[in-house]
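Participant: Listed below are the residues making up each chain.
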Amino acid sequence: MTANLNSFLEIKDLVVEYTSEGSVIHAVNGVSFSLERGKTFGLVGETGAGKTSIAKAILRILPDPPAKIKNGQIFLEGEDLLKIDEKNMRKIRGRKISMIFQDPMTALNPIMKVGKQIEEVIKLHNTISSKQAREEAGKMLELVGIPGERFNDYPHQFSGGMKQRVIIAMALACNPELLLADEPTTALDVTIQAQVLEMINKLKQELGTSMIMISHNLGVVADICDDLAVVYAGEVVEMGSKAAIFDRAAHPYTTGLFAAVPTLEEEKDRLAPISGLPPDPSNLPLGCHFYPRCPIAGEECKLGKIPLIEIEAGHFCRCIKIAAMES
Amino acid sequence: MSALVEVKNLKKYFEVPRGMLHAVDDVSFKIESGQTMGIVGESGCGKSTLGRVIIHLLDSTDGQIFFEGKDITRASRRQLRKLREDMKIIFQDPYASLNPRFTVEQTIMEPLLISGKFSHKASSEEAERLMDMVGIDQRLRLAYPHELDGGRRQRVGIARALALNPKFIVCDEPVSALDVSIQAQVLNLLQDLQDQHQLTYMFVTHDLSVVRHISDHICVMYLGVLVETCESKELFRHPLHPYTQALISAVPTIDIHHKRERVILQGEISSPINPKPGCRFRKRCIYKAPECYQAQELVEILPQHFVACCRAKEINHL
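Protein sequences appear in the order of chains X and E.
For the first sequence, our numbering gives the first residue as 280, with consecutive numbering after it.
For the second sequence, our numbering gives the first residue as -6, with consecutive numbering after it.
Rather than coming from a laboratory, the hints here were simulated on the basis of the structure.
Keep in mind that the hints are not guaranteed to be accurate.
Heads up, simulated DSS-like pairs for lysine-lysine below, C-alpha to C-alpha not over 30 Å straight-line [as the list claims (entries may be wrong)]:
no.	chain 1	residue 1	chain 2	residue 2
1	X	K483	E	K63
2	E	K252	X	K483
3	X	K481	E	K252
A few chain E positions that, by computed beta-carbon distances, are all more than 12 Å from chain X [said to hold, decoys possible]:
no.	residue
4	M13
5	S21
6	S26
7	V33
8	C38
9	Q72
10	F84
11	S90
12	Q99
13	A136
14	G143
15	Q178
16	Q189
17	V203
18	Y236
19	P296
Note that CB positions come from ideal geometry on N, CA and C, so glycine has one too.
Okay, chain X solo, but in the shape it has when bound (with noise of 0.2 Å):
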């Protein structure tokens, strides 16, 4: 197979696995996707759907053991990433690639400043010297907003949202390629939330960064993502470009998620939820991963793999059902 020559970054056929007291864990079931240099694309799906073993696996930082990627390719700019020896593929992280965490509180190092902790970054990847690094970082913190004379302080002495902008600082010291964002607003209260997903969206216009966001959030995939792909117990179920799933959500996930949620537009006396819980990734069920909770399963459902379907240019959707009533 060779690599789509458009596209920056091409994920094709992505099999993760965990394996846990002799169990084998499905984490991730073949996911394909393509994003275009300078665009955003979207990973949205509940807990468990795979979305951060995604991420990881993209930038090799999955724990082996107990995870293994089994299958796949995943090209930047043409190049495999799943061949290049460690030694390289140290130089691709943070450099080329690097990955903003959910969680601010743990992912700084506590007894570190946090000037410091951008300044190696940049030291790392870039033969400058301290002084040199040292300006680049207090640099970085202006950018997300943080006054440099904050640079001697420890993360402690920061709020969880100002703690998230010293991540972003740092995944965006040396001027990444892609830029995996995996839930960065969720530990964070909506006003501050706000303020990231603006910051973000200005230093992805001001730097051309490409980006994967990772949410659960639906509002927030529609403020920042050109395209996004729903997952679902590790498969991507619908994917599309924004228009396409918010418009026009085909999947009976998808639409079942946007039923589930109560939003501010609309009034809704009763809440739709899915019925069921989702499977269990040791013991996935066969054909469709979704018809056990699904409203129109029938019996072709239950058999055979489920491809996913184009069921209009560039939207495609894994179910038969829906492919059916398409054409």
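Use these hints to put chain E onto chain X, whose structure you have.
Facilitator: Leaving out everything else, chain E in the frame of chain X:
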């Protein structure tokens, strides 16, 4: 309708090394019987402390708490025991709030046995009934919390709260730890239980969409202070306090064609320790003026719509 719960000038201060932390500062409101009062605000605004003070998990510093018209602020131990049957709480994290060594049945039976009203056998039967009520399968009777998923754990927390037929339940972020598809199941359950048993809720949350969905009335809190209160629909139709306006505008919308006009607040919530007099929001407020340095009163600006902002009329062109 009458007020089941009423608080008047309620205060809760904590002594901390740097001074007095004003967690709840001079808060007054009523909750009508059978209704849901939503308490919304960001972390550190005192909303959880408020719930805990009302049900006497924490002692108040000053002010009064009324339950069914009686002043219960300084209730004796004996009175508290009876009160605790009528006032319950559901916590945010169902994992941390359940005893890991208790089975589902033991957890639900505990308050029944403590009350002294149930024999062991009767409490076991009652636990069975409560499990049915909240939709936990009987086969999970002997399961431990770690064997349950988040949604079921929260149902156990709800069943425990329903034991002894309470009248009033403080729901402290009961769905924040749950995924959206499960969150909807639990919110529907809470609404059904309220209808069936005429329960009165105080629903504490940071999530505006959830609070709008579930509440009849809403109180918006900022740094321990009640800044705006009115009917739920009215609040979202005509938010009058600059903080409420910014808060609502900050919620990311799933309507991709009608982006909300965002008010991006500068800075962050300031410290609740030894707060300076005057409006606590003024540091971040875009309408800040000299009069904001004076104490702010909760004023009825529109019928049944109270706002603690001296400029509310002017900035909303009323």
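Participant: C38 of chain E: least C-beta distance to chain X exceeds 12 Å?
Facilitator: Nearest chain X Cβ is 9 Å from C38 of chain E, so the label is violated.
Participant: Does Y236 of chain E sit more than 12 Å from chain X, CB to CB?
Facilitator: 9 Å, violated
Participant: Are the Cα atoms of K252 of chain E and K483 of chain X separated by 30 Å or less?
Facilitator: The hint holds at about 19 Å.
Participant: Classify the label on V33 of chain E as holds or violated, using whether its beta-carbon is more than 12 Å from each beta-carbon of chain X.
Facilitator: 10 Å, violated
Participant: CA of K483 of chain X to CA of K63 of chain E, is that 30 Å or under?
Facilitator: The hint is violated at about 58 Å.
Participant: According to the definition I'm using, a residue is off the interface if its beta carbon is farther than 12 Å from all beta carbons of the partner; does A136 of chain E meet that for chain X?
Facilitator: 15 Å, holds
Participant: Is it the case that Q72 of chain E keeps its Cβ farther than 12 Å from each residue Cβ in chain X?
Facilitator: Non-interface label stands for Q72 of chain E: nearest chain X Cβ at 37 Å, farther than 12 Å.
Participant: Was P296 of chain E rightly flagged as not at the interface, with every chain X Cβ beyond 12 Å?
Facilitator: Its Cβ never comes within 12 Å of chain X, the nearest being 21 Å, so this holds.
Participant: So Q99 of chain E supposedly isn't at the interface. Is its beta-carbon more than 12 Å from every beta-carbon in chain X?
Facilitator: The claim stands: Q99 of chain E keeps its Cβ more than 12 Å from every Cβ of chain X (closest is about 24 Å).
Participant: Any Cβ of chain X at or closer than 12 Å to V203 of chain E, or is the non-interface label fine?
Facilitator: The claim breaks: V203 of chain E does not keep its Cβ more than 12 Å from every Cβ of chain X (closest is about 6 Å).
Participant: Verify this label for me: S21 of chain E is non-interface relative to chain X, using a Cβ-Cβ cutoff of 12 Å.
Facilitator: 25 Å, holds
Participant: Are all C-beta atoms of chain X more than 12 Å from that of M13 of chain E?
Facilitator: 20 Å, holds
Consistency note: the structure conflicts with the earlier hints numbered 1, 7, 8, 14, 15, 17 and 18.
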